[in-house]
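Undergrad: Each chain, written out:
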Amino acid sequence: SQQGEEDPQALSIQEGENATMNCSYKTSINNLQWYRQNSGRGLVHLILIRSNEREKHSGRLRVTLDTSKKSSSLLITASRAADTASYFCATGSSGNTGKLIFGQGTTLQVKP
Amino acid sequence: DAGVIQSPRHEVTEMGQEVTLRCKPISGHNSLFWYRQTMMRGLELLIYFNNNVPIDDSGMPEDRFSAKMPNASFSTLKIQPSEPRDSAVYFCASSPTPKESPLHFGNGTRLTVT
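Top to bottom, those sequences are chains C and B.
So for the first sequence, our numbering puts the first residue at 1; every next one is plus one.
So for the second sequence, our numbering puts the first residue at 1; every next one is plus one.
The following block holds chain C by itself, in its conformation from the complex (with noise of 0.2 Å):
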C-alpha cells in the first residue's frame, strides 16, 4: 500500500533553475525520508526529517515537513544535469517499527 504521494510525477526544468517536489501522506509519522534513484540503480538515501521537525538542509537540499497539512517538500536550488534522477519520499510510522513506505516518485529532468 501506498503512503506517500508525490508530485508532480515529472518535472523538466534547465540547468541552474530551482526544483520542487511534493509528498503527501496519510497516517501519523515519526519521520520521513528522502531518496534519489538514477536509472538502473538503487534508491540512495538524501535526507532523513523526524516528526519534530520542520526544516532541514543539506547542501543544496532543502526539505520541509509540515505534519499538520501531512506533506513535505523537497527544494534542490541551483540544478545540474547530474540532478536528473527520480525523487521518492518514504514514511516512517508512528509506531517506530522502522517499517519505511514509498510513494510513487518524481522523475525530474534538468536538461543542460
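No lab work stands behind these hints, which were simulated from the structure alone.
Honestly, I wouldn't trust all of these hints.
Said to hold, decoys possible - The calculated lysine-lysine pairs, modelled on BS3-like cross-linking and capped at a C-alpha distance of 27 Å, are:
#, chain 1, residue 1, chain 2, residue 2
1, C, Lys111, C, Lys69
2, C, Lys99, B, Lys68
3, C, Lys56, C, Lys69
4, B, Lys24, C, Lys70
5, B, Lys78, C, Lys99
6, C, Lys99, B, Lys99
7, B, Lys68, B, Lys78
8, C, Lys99, B, Lys24
9, C, Lys69, B, Lys24
10, C, Lys26, B, Lys99
11, C, Lys56, B, Lys99
As the list claims (entries may be wrong) - Quick partial rundown of chain C residues pointing at chain B, CB under 10 Å, derived from the structure:
#, residue
12, Gly42
13, Val44
14, Ile47
15, Thr84
16, Phe88
17, Ala90
18, Gly98
19, Gln104
Backbone N, C-alpha and C define an ideal beta-carbon position, used for all residues, glycine too.
Put chain B on the given structure of chain C with help from the hints.
TA: Quick look at chain B alone, frame taken from chain C:
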C-alpha cells in the same frame, strides 16, 4: 564498505521455475528489507527483518514467496513457482537500526519470468 550486495543482477527464467535472489547486507546493520519495484505498483515492501528475525511479512504477495535470513550477513528471497507477473526489480536494503535510520539499497535484481 562494499555496500549492500545483491546477486544475480539479472535473472531470466521460465514460468514455473524456482528463483532465488540473494542479498548481503552491510556489516553491522541489524535490519534488512526486501522491496519490489514495478512501473505499475512502484516500490512495495515485501518483508523486513530485525536481528535476523522476520518482523513484518504482510507485503509478501503469495505463498509462492518466501524469505529467510539464516545469519546477519545473508538473506534470500525465493519464488516457487515463478509467474510472469513476478517480473520486476527486487531490491534489498539494510539499515543500522530499525528506527529512524536511512536505508542503504543494493543495485537490485531484475527478474524476468517468461
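Undergrad: Taking the numbered hints from earlier one at a time, note which ones the structure violates and give those numbers from smallest to largest.
TA: Going through the list in order, the structure violates hints 1, 4, 9 and 15 and respects the others.
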